[in-house]
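Asker: When you get a sec, could you build the whole thing from the sequences and use the hints?
Chains as they are written, first to last, in this note's numbering: chain A, 96 to 676; chain B, 95 to 388.
Worth flagging that the hints you see were computed from the coordinates, not collected in a lab.
Keep in mind the model is a prediction, meaning the values are calculated, not measured.
Take these hints with a grain of salt, some might be off.
As the list claims (entries may be wrong) - With a Cα cut of at most 30 Å, we get these calculated DSS-like pairs of lysine-lysine:
{"hint": "1", "chain 1": "B", "residue 1": "K382", "chain 2": "A", "residue 2": "K478"}
{"hint": "2", "chain 1": "B", "residue 1": "K105", "chain 2": "A", "residue 2": "K498"}
{"hint": "3", "chain 1": "A", "residue 1": "K332", "chain 2": "A", "residue 2": "K258"}
Listed below, chain by chain, are the residues.
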Amino acid sequence: MRSELTWMVGGQQGEGIESTGYVLSAGLNRLGYHIYGYRTFSSRIKGGHTNFRIRIATRRVLANSDHVDVLIAFDRDSVRRNAAQLTPGAVVVIDDEEAHPQLPEAGDGVRVLGVPLTGIARDVGGVIMKNMVGAGASAALLGLPVDAFDDLIAERFGSKGEKVVEANRRAFRAGYERLAGQAACSDLRLEAGDGRRRYTMTGDDAAGFGALVGGCRLIAAYPITPASDIMHWLVPKLPQFGGVVVQTEDEIAAITLAVGAGYAGVRAMTATSGPGFSLMMEALGYAGMIEAPVVIVDVQRAGPSTGMPTKHEQSDLFEMLYGSHGDLPRIVLAPATAEECFYGAAEAFNLAERYQTPVILAMDLAVGLAIQTVDDLDFSRVKIDRGLVAAPEELGPEDADFKRYRFTDSGISPRSLPGMPGGLHLATGLEHDETGHITEDRRNRVRMTDKRLRKFQSVELNDAIPPVTFDGPEAPDLLLLGWGSTYGPLAEARERLERQGASVAHGHIRLLEPLPAGVLASRIAQARRVVVVENNARGQLARLLRQEIGTADKDRLHSVLKYDGTPFLPSEIMRECEAML
Amino acid sequence: MATVIDRRSPKDYATDAAPWWCPGCGDFAVLRALQMAAADLNLDPARTVLVAGIGCSGKIGDYFRSYSVHVVHGRTMPVATGIKLANRDLTVIAAGGDGDGYGIGLNHFIHAARRNVDITYIVMDNKVYGLTKGQTSPTTHLGSRTTSAPTGAIDRPITPLRMALVAGVTYLAQGFSGDPKHLARLIKGAIQHKGFALVNVYSPCVTYNKINTYDWYKERLVNLDDDESYDPGNWQAALNTVIDKDDLVTGLIYRATDVPTYEELLPGYRPEPIAAQELQRDPAEWAKILAEFA
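Answerer: Written out as structure tokens, the structure reads:
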């Protein structure tokens with residue numbers, strides 16, 4: 096019996112590979128397992144290898160595992176491409192009855208089961224259901240109860256009619272029966288799940304949900320991988336809550352439309368990835384200048400330029416921190432898990448309105464697209480804070496100018512919204528005085544710039560997404576630092592190293608701008624060595640840390656970088672750490 | 095505290111700021127016409143938003159009394175759309191120049207037209223980039239000498255009226271700064287129109303455009319509003335007319351009343367403004383959505 100294993104399905108894109116994974120992951124969730132599901136895919140719709148791996152465990156897991164234990168292969172290409180990851184004793188189910196038990200591409204010590212997944216599907220109703228046969232066969236190998244999938248299949252195919260539901264159930268059961276009672280593979284059976292009610296969602300889903308709960312009522316976006324799922328999630332939901340989705344002609348229109356809506360008093364957002372984010376730079380500065388709230392989600396992918404659209408990276412940090420000309424205020428918040436994507440997205444709208452500024456939610460492909468188990472979401476932790484809006488008595492007579500950009504100690508000035516009598520002002524990207532009128536007066540210029548930048552002296556966050564967290568000893572031999580989706584691999588690497596007796600701490604940063612530099616400096620000073628782990632080639636976070644807290648000592652601030660398009664495996668981080676401990 | 099005003103005069107729509115435009119600039123007349131139209135409709139400045147572009151024309155946002163938004167170059171359309179969708183009770187008017195609307199912002203203009211959001215767009219077309227000192231604009235006539243094309247422009251000009259008709263504009267008018275009263279009537283009609291309205295205005299640049307002058311236009315412009323046989327409800331006739339007259343017409347060129355607005359088509363779009371919504375909701379509603387992830 097296993098408390099953890101990794102299952103993978105592979106085949107050609109457009110053949111339903113994904114639905115095999117979705118059905119299995121939903122079933123596993125209901126049985127009380129924790130999962131971490133990761134898809135590997137390309138920028139094409141039909142053809143080309145794709146795979147979907149699910150790490151299944153009886154405890155929380157937030158990273159891919161080092162090895163694959165079960166591979167359902169719809170073609171031999173899937174075996175060849177993934178053979179290196181197969182653990183000794185792994186089982187490969189290949190959609191080919193004739194396959195030799197020693198399928199050479201699978202490698203030594205791998206058990207090969209030739210099962211005609213397509214043939215079985217044809218017999219029970221149609222080859223299109225081979226994915227269900229594969230899911231059923233997987234459930235049998237893992238020792239899962241077949242009945243647990245009946246309802247799920249009904250929910251998934253219910254809209255297509257009872258006939259389709261029945262056919263898919265037949266396909267699932269046929270696959271199940273084919274491999275049920277395979278004594279030779281009984282070591283793959285999972286310990287029973289705890290049956291607790293949990294949820295599975297991607298970070299993109301969670302960000303959409305968090306935005307909705309956080310009061311977002313407008314998203315303007317242009318399709319782009321890997322961010323489109325945020326818009327997709329909101330498309331059916333926003334209208335139910337009186338909100339709107341606008342698919343714009345480009346990302347410039349997306350952000351400027353959202354800024355217009357934010358200026359007019361609606362919580363508005365856009366979601367994009369690197370190429371779209373680059374197009375938004377001018378409007379980012381505009382929102383900062385007119386002090387309009389707007390939330391921009393950047394689900395990072397491999398750049399520069401079009402880069403690798405379906406591959407993971409964390410290389411937009413500099414752009415998020417420094418993009419757009421001029422001295423532009425902004426807040427950059429990086430959720431580490433799907434759960435934090437929910438709370439972070441919700442909180443981003445509070446920050447945007449409280450500080451009247453663009454807020455960038457820094458996600459990455461791994462956190463955005465990986466299917467993660469979430470224990471629960473606590474909606475009482477989401478508070479709506481609309482920030483400073485002028486009360487009627489603060490507004491002047493109708494024909495007087497309203498000091499929308501009044502100089503205040505905090506730098507934050509009460510907003511008037513169009514429709515409010517007595518709140519008239521000009522909102523311009525040109526430098527302006529307190530009433531918004533255009534001026535190039537030198538004294539005003541300095542005061543207004545300082546006012547805009549003063550707003551962020553202390554940014555308070557919802558405790559569901561703290562600025563930075565630390566696990567492990569306060570004065571460790573090794574301090575690991577990261578941001579975004581590296582949380583899972585780092586946490587796991589730290590735990591494993593600790594079990595080996597090493598003194599390792601892990602700091603994870605969510606608030607990248609303004610950076611909680613004080614606490615980071617103190618922790619860095621107490622650690623013997625510091626390793627900054629991130630998915631980019633230039634060590635962008637490490638450079639930021641050197642700049643903000645002055646740790647130039649290379650021996651103490653070391654970078655571990657990975658930029659091949661895939662997220663870190665815990666073992667990769669461990670290997671680097673062991674060399675340094 | 096705010097007071098309710100029953101009648102307003104054009105002067106009530108003027109700010110204290112003194113216009114920076116060159117003496118004789120056509121944009122003065124556009125501002126005056128907009129103020130006349132606003133007074134005629136008794137628009138409440140607090141419920142009116144003027145979204146101005148970048149360039150000489152974009153300065154209008156500092157001179158017209160209302161909520162004013164002066165946006166980045168070329169993006170009046172999406173900003174205006176965002177404001178209107180956020181608060182459908184507002185009157186939203188966008189204004190900018192030919193470079194702003196037909197050059198850097200052309201993409202947005204076409205898409206705003208096909209969406210048919212209920213906004214008005216006034217383009218002050220002077221066929222030159224004025225504020226940057228006289229470069230070729232998207233509407234500069236072929237052969238015109240500019241600071242960026244001293245031997246004459248070689249890019250064939252954009253024809254805004256034809257393009258607008260093809261893009262699906264549901265109210266199309268063209269005015270002339272030499273006749274502000276007529277222009278005011280066209281702007282008034284545009285604001286009253288339910289859907290996307292474009293008023294293109296020949297607004298001469300007296301400093302950098304020595305060809306398309308007030309006199310040049312006066313000699314050539316034909317006012318379609320004076321022609322009783324002209325039917326602005328006929329799209330094909332409108333297209334033929336602007337082609338035949340080489341765009342040298344003024345008046346209401348086309349109006350469609352049977353095209354649904356974007357607001358009417360948006361799923362779930364409610365009669366009350368989104369901006370007026372209470373955002374704090376019963377957590378039970380969220381729990382129901384969370385269950386979809388189980």
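Asker: Starting from K105/B, check that the Cα of K498/A is at most 30 Å away, please.
Answerer: Holds, at about 22 Å.
Asker: Holds or violated: K332/A with K258/A, Cα cutoff 30 Å?
Answerer: Holds - the C-alpha atoms of K258/A and K332/A are around 29 Å apart, at most 30 Å.
Asker: Is K382/B within 30 Å of K478/A, Cα to Cα?
Answerer: Roughly 19 Å separates the two Cα atoms, so the pair holds.
When the structure is compared with the earlier hints, no violation turns up for any of them.
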